[in-house]
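Position 423 of the sequence shown, counted from 1, bears residue number 423 in full-length UniProt numbering, the numbering being contiguous throughout.
Keep in mind that the hints were calculated from the coordinates and are not lab data. Errors might be hidden in some of the hints.
[Unchecked claim] Cut-off 20 Å, straight-line C-alpha distance, at most; resulting in silico cross-link-like pairs (EDC-like, lysine to aspartate or glutamate):
id	residue 1	residue 2
1	K280	D63
2	K280	E69
3	K379	E405
These figures come from a predicted structure and were not determined experimentally.
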Amino acid sequence: MFRLLNDVVNNSDGACTLDALDPPSVEGRVLYAVVAAPRTAAASGASVLPRPSFTWIGNMHGDETANRELLLRLAAGLCSGELADNDARWKALQGSTTVRIIPTMNPDGYERRTRWNANKVDLNRNFWSNEFPYAKPTLDQARKRDRYGVTMYPAADMWSKVGNFSLQPEAVAVSRYLAAAPPDLSANLHGGALVANYPLDACDSVGALSSCPTAEEPLPRQLATAYAVHNPDMAAQGTQPFSGGTVQGSAWYPVLGSMQDWAYHQLGRLMLTLELHEVKDPPAAALDELWGQNSVAFLRLMELAGIGLRGRVLDQQTRAPLAATLTVTSPASSRPATADTARGGYFYKPLAPGVSYDITVQPYSPSGGAVKYLPILLKGLRLGVSTDRVTAEGSAVTGAALRLERTLLATRAPASKKKKMLRASS
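Start from the sequences, fold in the hints, and give me the full structure.
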């Protein structure tokens with residue numbers, strides 16, 4: 001893998017670099033990410049925002065091989081300039097968006113053509129975090145049977161057998177990489193079905209509930225729809241639960257410890273799980289057709305990276321970056337976001353087309369210092385594009401229509417006057 005990816009990067013004329021993730025797999029194979037970044041230097045300055053970013057992760061299950069090959073083809077096309085040379089939309093994407101591609105997350109499983117890693121762990125049931133809103137199932141819950149001996153909670157039972165292990169090195173490597181620079185949007189690729197799966201994958205400790213849309217709805221469903229409509233075979237799925245080629249994960253079947261749920265709960269970012277080929281390990285002759293079915297959908301999803309509100313929070317006097325909490329007051333169900341001083345006060349809050357948002361931004365000193373700041377009120381935020389224009393087949397709406405960008409200058413709160421204590425006369 002290194003030799004192949006290194007050749008791709010070395011022939012990119014500086015358009016791509018290669019990251020080695022840490023730690024390596026159980027058997028010592030290094031996981032790699034190809035980074036395709038715009039060739040032009042980014043502008044500098046306190047108020048300049050990082051470019052939108054998208055991360056692809058393939059071959060999480062070692063026996064699902066075609067998605068790995070599609071990502072290798074994507075990396076080669078981006079790095080060589082072939083895609084941009086032949087299409088203005090690809091050229092615009094490469095001039096505006098940072099794309100990271102991890103072609104294989106499970107190199108040991110790939111070598112064996114097995115679903116699991118070398119420890120026989122299902123990596124898509126091995127992601128867990130204290131940020132999950134429910135506890136891990138107990139073994140008693142996982143093993144519970146009805147009077148006929150049938151498992152009552154299949155998701156918990158499956159997790160206890162193939163996911164209930166310490167975080168595997170492959171999961172550590174990918175989670176570290178994602179957390180170091182959280183992508184605005186990402187996708188985890190699989191095979192064995194044909195559907196765009198959006199979060200959440202599980203609603204509770206045992207997978208008893210079958211529907212729990214995220215607080216970001218309708219955006220996750222819109223993103224899945226945008227992918228499906230650009231994949232003709234996926235869009236043609238007309239029966240439940242895959243109507244229109246999309247499904248909320250838990251409504252299909254609950255999965256405890258999935259990576260897309262980890263990304264949502266831990267990073268506050270949206271990840272889709274894309275099932276791209278019904279045959280898990282198709283012959284090489286099928287890859288051209290698979291690329292033709294998915295390449296435009298790949299492009300459309302990457303164009304939607306960063307959809308929503310992006311910006312920085314800075315001290316009005318010093319222009320120093322500040323931390324902040326962004327609380328959505330309307331619609332009340334939408335989850336908060338944070339501004340991070342490690343990234344220059346940068347924040348990103350996904351917003352859905354067709355929805356009006358009121359947001360209160362509360363800046364604060366990252367060191368917990370004495371300086372206090374007044375809240376910043378953002379009222380009636382709305383993207384300049386309709387839902388139909390985001391999800392429709394052939395849509396090429398990008399850039400400013402999808403993103404509200406703000407530099408928020410925080411005003412220091414007036415110092416409180418201490419009341420003087422009057423001494424009683426003697």
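Results for each hint:
The hinted pair formed by K280 and D63 meets the criterion: a straight-line CA distance of about 6 Å does not exceed 20 Å. Distance check on the hinted pair: K280 and E69 sit about 12 Å apart at the alpha-carbon level, within 20 Å; holds. Using a Cα cut-off of 20 Å, the hinted pair K379 and E405 holds, with the two alpha carbons roughly 14 Å apart.
This entry satisfies every hint, going by the numbered hints stated previously.
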